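**Q** One letter stands for each residue in the lines below.
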Amino acid sequence: MGRKSTVLEVRRLCAGYGKRKKYRQVLFDVDLCLDRGEILGLVGESGCGKSTLSKAILGFVPAKSGQIIHHTSRPQMVFQDPFSSLNPGKKIGWILEEPLRMQKDRLPAGERREKAVTMARRVGLDESFLERYPGDLSGGQRQRVSIAISLIQGSELILADEPVSALDVTIQKQIMELMLGLQEELQLSYLFISHDLDVIYQMCDRVMVMQAGRIVEEGEVERVFGAPEHPYTKELLAASL
Amino acid sequence: MLEIEGLSIGFRDVEPPLEVVRDFSLTMEPGEIVGVVGESGSGKTMTALALMGLLKSRARITSGRMMFEGRDLLTLSRKGWEEVRGKEISMIFQEPMTSLDPLLTIGRQMEESLRLHTDLDRRERKRRVLDMMEQVGLPQPEKLYGCYPHQLSGGMRQRVMIGAALITNTRLMVADEPTTALDVTIQAQILALLKKMNQEHGTAILFISHDLRVIRSICSRVVVMYRGEAVEMGSVEEVLSSPQADHTKQLIAAIPDRENRLRGGKERS
Chain G
144 MGRKSTVLEV RRLCAGYGKR KKYRQVLFDV DLCLDRGEIL GLVGESGCGK STLSKAILGF
204 VPAKSGQIIH HTSRPQMVFQ DPFSSLNPGK KIGWILEEPL RMQKDRLPAG ERREKAVTMA
264 RRVGLDESFL ERYPGDLSGG QRQRVSIAIS LIQGSELILA DEPVSALDVT IQKQIMELML
324 GLQEELQLSY LFISHDLDVI YQMCDRVMVM QAGRIVEEGE VERVFGAPEH PYTKELLAAS
384 L
Chain H
57 MLEIEGLSIG FRDVEPPLEV VRDFSLTMEP GEIVGVVGES GSGKTMTALA LMGLLKSRAR
117 ITSGRMMFEG RDLLTLSRKG WEEVRGKEIS MIFQEPMTSL DPLLTIGRQM EESLRLHTDL
177 DRRERKRRVL DMMEQVGLPQ PEKLYGCYPH QLSGGMRQRV MIGAALITNT RLMVADEPTT
237 ALDVTIQAQI LALLKKMNQE HGTAILFISH DLRVIRSICS RVVVMYRGEA VEMGSVEEVL
297 SSPQADHTKQ LIAAIPDREN RLRGGKERS
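As given, the protein sequences belong to chains G and H, one line each in that order.
With our numbering applied, the first sequence corresponds to residues 144 to 384, in that order.
With our numbering applied, the second sequence corresponds to residues 57 to 325, in that order.
Since the hints were made in silico from the structure, they are not lab data.
A quick note: this is a predicted structure, and the numbers were derived from the prediction, not measured.
Be aware that one or more of the hints could be misleading.
[What the hints assert, rightly or not] Label pairs and their in silico Cβ distance ranges:
id : chain 1 : residue 1 : chain 2 : residue 2 : range
1  : G       : F226      : H       : S209      : 23 to 31 Å
2  : G       : K233      : H       : L159      : 37 to 45 Å
3  : H       : T236      : G       : D248      : 41 to 49 Å
[Claimed, not checked] Stretch-level coverage of chain G by chain H, calculated; a stretch enters the list once three of its residues show a Cβ under 8 Å from a Cβ in chain H:
id : stretch
4  : 179–192
5  : 336–343
[Unchecked claim] Derived DMTMM-like pairs (lysine to aspartate or glutamate); straight-line CA-CA distance at most 25 Å:
id : chain 1 : residue 1 : chain 2 : residue 2
6  : G       : K316      : H       : E294
7  : H       : K112      : H       : E61
8  : G       : K247      : H       : E294
9  : G       : K316      : G       : E305
10 : G       : K316      : H       : E61
11 : G       : K377      : H       : D239
12 : H       : K252      : H       : D239
Heads up, the beta-carbon is just placed ideally off N, CA and C, and yes, glycines get one too.
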C-alpha cells in the first residue's frame, strides 16, 4: 500500500569511482522504489552499473548526490560466485554463525548454533553440512549457504547480484525456486540483478533496464517483455535466444 | 569427416581410477554444426581436449578410436599433431582474455598459424590477416593489427580468436563455450559470425555449451552428455521436442524460458 510498505528508496542517485580528476561517474540519476514482498529485477550488460548500484545501496560506493533511504535494517547481499565468497578455511557452521557473532548484543553460543541449524534446514541443507568446509560443497550447495548467511540476522531486503549465473541450469532452477519459496514464507524483498533476461522474467514482478548507468525503462515484467518501449530494451530482447 | 568411436578418458593416478568420459561416440560431416551440451563436469571439455590432442598428462585415453579425414588421431606423434592442430582442427575457448597472449599484438597472434603451417612471406601473411579481420567484423584492421589484447573488448577478442582459428582454412573448429562470457547482444553477434563463417568456408563446428538456448540457435545436431556419457543424440529439433533420456528432459525443463514463469502472478500490496 504505497509508501508505507516501501523497504527501499533511491532518489536521483549519482555515484562513481575515483577521486577528483580521475573521477568516473557510473550511475546517473537512478531512481528506485522497492516494496515489501516485491522482487525487482535489474537487467543490463556488463559494465552498465548494475553491481555499482547494489554496492551504493549498501554504502560500499559513496553517493555523489541523491538519496538512499532504507526502511528496513540490515539489508544483505548474495553474490554470483559462491566459490570466492565463502571463507575456505572455516566450517559451514562457523561461517553461518559469523554474522551473529558480529552483532552487538551477542547471542550465547548454543542459541547461535541453533539458529544456524534452523537456517541451514530452511535452505535445504541438513545439520551435517555445518561440519563441512566450503571446498566439500557443490556450487549449488554453496549458494544455499550464501542465502542462509544473508537471512540469518532476519534481514528483509536481499540484494542478489547474479545469484544463479554461475550455476548449471538444473541447479539454477532449484536456487530460483528456493529464493521464491523463502521470499513468500518470510515476505522478503529482493533486488535481483541479472544479465539473463529469461531468469529475470521467471523471477521478478517488476524490472528495470539499465544502460550506461541510467535506467532506461521500468515496468511490470509482462509489460516490458511483451511491449518494450525503449530501443535498448528492444535490442536486448532481440538478442536473447 | 570425423568419427569418434567408444572414446573413454580416465585419470589413472587416482584410486580408484576415475573415468571422466565413457564410451563416447560421434560422427561429423563436413560443414556440419554439432552441439555438445551438458552440465559442468559432464565431460564436454575433456572430449574436446582429446580431439585436439591437448589432454593434460594425468588424463589418458583408455580406449576408443578417433578418425579425422581418414587419419587415426590416436596414433599421431607429437609432430603429427602439430601438423593437424591449428591447421585442420582448431579450437576457440570461453575466455578470450586468457587465451590470447597479452604480450603479442593482434596481428602477430592471428598470423601464428600461417607462420607454422604455410611458407607465405610476411607481406602475404599480413594481407591474409587483414582480410580475415575484415571477414570476422573487426573494425579498422590496419589499426587493430598493432594493438594488444587488453585494448580490445571481450567481443572483439573473441572475433580475433575466431579469425585466428580459421585463417588456415581449418576444416573443423572446436568451440568450447565461446559465447558464455559475453553479453547477450555480443553473444548474438558472435553466433551470427560463426554461422556466417560456417556457411562461407564450410568449416564444421563442434560447439560445446552448457546452454541449450545457444545450442538450439546454432546447431543442427546435438549430443547430450551426462556424467561422462552421451545419453542422447539426434537432430536439435527432435531432441528438444521429444527428449528420450531423463537428463535431457531435466535440462529442457530447467531452461529459463518465457513460457513457464516461476513467479506466478503474485499479488503485490
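**Q** Hint by hint, say whether it matches the structure.
**A** Here is how each hint holds up against the structure:
1. F226(G) with S209(H): 23 to 31 Å: Given a distance of about 26 Å, which is inside 23 to 31 Å, the answer is holds.
2. K233(G) with L159(H): 37 to 45 Å: holds (39 Å)
3. T236(H) with D248(G): 41 to 49 Å: holds (46 Å)
4. 179–192: holds (count 6)
5. 336–343: n = 5 at 8 Å, threshold three: holds.
6. K316(G) with E294(H): holds (24 Å)
7. K112(H) with E61(H): holds (21 Å)
8. K247(G) with E294(H): The hint is violated at about 60 Å.
9. K316(G) with E305(G): Answer holds: K316(G) to E305(G) is near 13 Å, not above 25 Å.
10. K316(G) with E61(H): The given pair, whose Cα atoms are some 34 Å apart, is violated under the 25 Å limit.
11. K377(G) with D239(H): holds (15 Å)
12. K252(H) with D239(H): With Cα atoms ~20 Å apart, K252(H) and D239(H) stay inside 25 Å; holds.
The earlier numbered hints that this structure contradicts are 8 and 10.
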